[in-house]
Amino acid sequence: MAAHRLHFSVLLTLSWRNLWRNHRRTGIMLGAIAVGVWAMIFMTALMRGMVDDMLNEGIHNLPGHIQIQHPDFLDDPSVANSIAEPAGEFEALLQRIESKRWATRIRVPAVIASERETRGINLVGIEPAAEADVSGLPELLSAGRFLESRKDSGIIIGAKLAERLETRLGKRVVVMSQDPDNNIRERGFRIVGIYRAKLPGLEEFNVYAARDTLQQLLRIEGRVSQIIVVGEDYRDIEPLYRQVRQQAPADLQVRAWYEIDTYLATMFNMMDGFVLVWVIIIFLALSFGLVNTLVMAIFERVREIGLIQALGMRPALILYQILMESTLLLLIGLGLGNGLALATIKPLESGLDISVVAEGMAMMGASSMLYPKLTSSDLLLANSVVILLGVLTSILPAWRAAKLDPVRALNST
Amino acid sequence: MSAIHCHQLCKTFHQGDEIITGLDHVDITIETGEFVCLSGPSGSGKTTLLNAIGGLDTPDSGEIRMGDLRIDQLKRGALADMRLHHIGFVFQAYNLIPVLSARENVEFVMQVQGVATAERARKANAILAEVGLQGLEDRRPAQLSGGQQQRVAVARAIVSQPDLVLADEPTANLDSVAAAHLMGLFASLNENHGATFVIATHDKRVMAYARRLVKMQDGKIISDEAQ
Ligand SMILES: Nc1ncnc2c1ncn2[C@@H]1O[C@H](COP(=O)(O)OP(=O)(O)OP(=O)(O)O)[C@@H](O)[C@H]1O
Ligand SMILES: [Mg+2]
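Quick note, the sequences are listed as chains A and B, same order. Just so we're aligned, residue 1 is where the first sequence starts under this note's numbering, counting upward by one. Just so we're aligned, residue 1 is where the second sequence starts under this note's numbering, counting upward by one.
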C-alpha cells in the first residue's frame, strides 16, 4: 500500500515536470482543450436554452402537460364530445396534485362577427383564475383587462384578429356556435382585452371567453371539453401522468404533451442526441491534437524512458506515467474550459438579444431573446467525455512507450 | 544473491545486411562478492555482456543463470523487478533523468522500490556527500558537468546497496582524484557489504582495483585472470 502511494508520487512528479518541459506545446494544447471544452459547454447551453424556449412555448400553446378529454374530441372537437366537470374522487385527486395547477376548458369551433367582418375561430372557455398557471395567457395581454370570473361576459381576442375584424377594444362582437343538438347559438360579447401571441397564427385563431358564460351559451352546463394539468417541469411529468391516468374515469382519454404534439416530443428527444454528437465531434477534433502532443512528448524522451526501464520501472508504470501526464493535461484543460464557459454563460443568463439574426426563428416559436441554459448533466457529459475518451485515446501512445526496448531506447539519439 | 553463470552466450546485431558479433559463445561465472573488471578494445562486447547479465538485453542463444533463476527467460516485468531490487547500473552514456534534480535522481530507484521518504532523503544526501556533490543536490543534470553527472549516476547505482553493481566506464569523465575516490567507494562497498561488482573499463586506474580481470575481443573472452 505504502509502495503504491510512493509509486503514485514518483509518477506524478515525472508527469508534472515532463508536462512543463515544453511550455509552448503544452500551452497550445491546453488552449485547444480549453476552447474545445468551452465550445462544447457554451454551444450546448445555447441549444438547450433555445430548444427549452421552443418547448415551453409549444407546451403553453397546447396548453398543459397533460390533457384529459373525451376520446373522440381530437377528431371532432364539437360540444357533443364534452365531458363532465371533474367531481368526487377525481376532483379530489386533482386538488391533491402537488402543483395544484389544473383547469378545465371549453373548446369549440365558432364564428365571430364584427360590424364589418366575419371569421372562423377557435372559441375557448377558460377559468380565469387558473389560466395564468396553465397557459400564461394573462401575461400576453397587450390592452384592456383579463377576464375576472368564470361568469365574465367579456371576450379577449388577438391583436391580429382585431385587425382582421376591423374592430378594437371596447367594441362588441357576435359569436356563433352550435349546441349539442346542433342548434345555432349566438351571443354578443364586448371585447375587454387584446392579446399578442408569439405565433401570429394563434393570435388570429384563439378567442377566449369565461367558461360558465360559454356553458350557458352552448347549453352544456356542468360540462367541459378538456381538463388541463400542469406539472412542475415538462421534462419530468411521468409520475404525475401515471397518477392522473389511474384516477381519471375510465371513459376519458388522458394524454401527455409528448403524445399530443409529436413534433415537440421529437425535438425534445433529439436534443440529448444532438448534445452528445456535438460533444463527440469536438472531442474528435481535440483527440488528434492530444495524440500528437503525446507522441511528440514520448518521442522526445525515448532515451529517458529506456533509462527508467533499465533502472527497474515496470512497463506498466511507464504506461501509467504517460496516462497520468495526459490526464493532468486534460484536467487542466477542462478546468480552463469550464471556467471559460461559466464566465461567458453567466453574464448571458439574463438573455441574449438575437433579434438581429433571428427574424425567421420567430416562426418556429422561438423568441428573440436567447437564454443559455447550463445543466449539470450537460456539464457532466462534456467533462466525462473529454476525460474518459481522452485517457482512452492516450492508451495507445502510452502503451507503445511502455513497449520500448530499454537498450535500444537508451542508445537512440 | 547467488553467483551468476553465463553459458555459451551469443548475441548478434544486424545493421542493414551486415551482421555484427556482440557476444560469441561467452562462458563466464561471477561469484558472489567478486570485483571483476571487463576490459578490451572498443566494440569487443563489454557493454553487450553487461546488458545481458543485467537483464536489459536477451541473448540470441545460451543461458544466464543467477543461482537457479534463468534470467534469459524472465518476462519483462520480472526483469524490471530484478533490476530494481538487486542491480545497480551505471551506464556508459545517458544516465540521469533530466527533469529530476541530483537528489531526486538518486532517490528515484528507492522511490520506485517503496522506501519511505525520510529514509530516502537521508540516504540520498549521505551518498551525494560521499561522491563529493554536497551543495549540488538540487541541481538538474543540465546544470552539472559530465563528471558530476557521472558521480550522481554512481551514487544512484549504489545508494540502495544492490547485490550486483554493473558499471560501464564509471570513471570516463572523472579526474584522477575523483576516480580514485569512486573506486575506493566501490571497494569498500564490495568488502563491507559483499556487493558484487562488474565494471567495464579502459581505465588502468580502475583495473588496478580489480581482483579479477577479464579481457574481451570480438565478442569473446580471451583471458580471465585473478590478480
Ligand atoms: N544496438 C546495436 N546495433 C548494432 N550493433 C551493435 C549494437 N550494440 C552493439 N553493437 C555492436 O556490437 C559490438 C559490441 O558492442 P559493445 O557496445 O558491447 O562494445 P564495447 O566493448 O562496450 O565497446 P566500447 O568500449 O566502445 O563501449 C560492436 O561491434 C558494436 O558496434
Ligand atoms: Mg561499451
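Since the hints were derived computationally from the structure, they do not count as laboratory data. Be aware that a few hints might be false.
Said to hold, decoys possible - Between beta-carbon pairs, the in silico distance windows are:
#1 A:Asn22 <-> B:Asp68: 29 to 37 Å
#2 A:Thr413 <-> B:Gly184: 14 to 22 Å
#3 A:Ala285 <-> B:His202: 27 to 35 Å
#4 A:Ala285 <-> B:Lys220: 34 to 42 Å
#5 A:Ser9 <-> B:Gly67: 43 to 51 Å
Unchecked claim - Away from chain A, derived, C-beta distances all over 12 Å, residues of chain B:
#6 Asp27
#7 Gln113
#8 Lys123
#9 His181
Built from N, CA and C at the ideal position, the CB exists for glycine as well.
Legend entry - In rising order, the numbers of the hints this structure does not comply with: 1, 2, 3, 4, 5, 7
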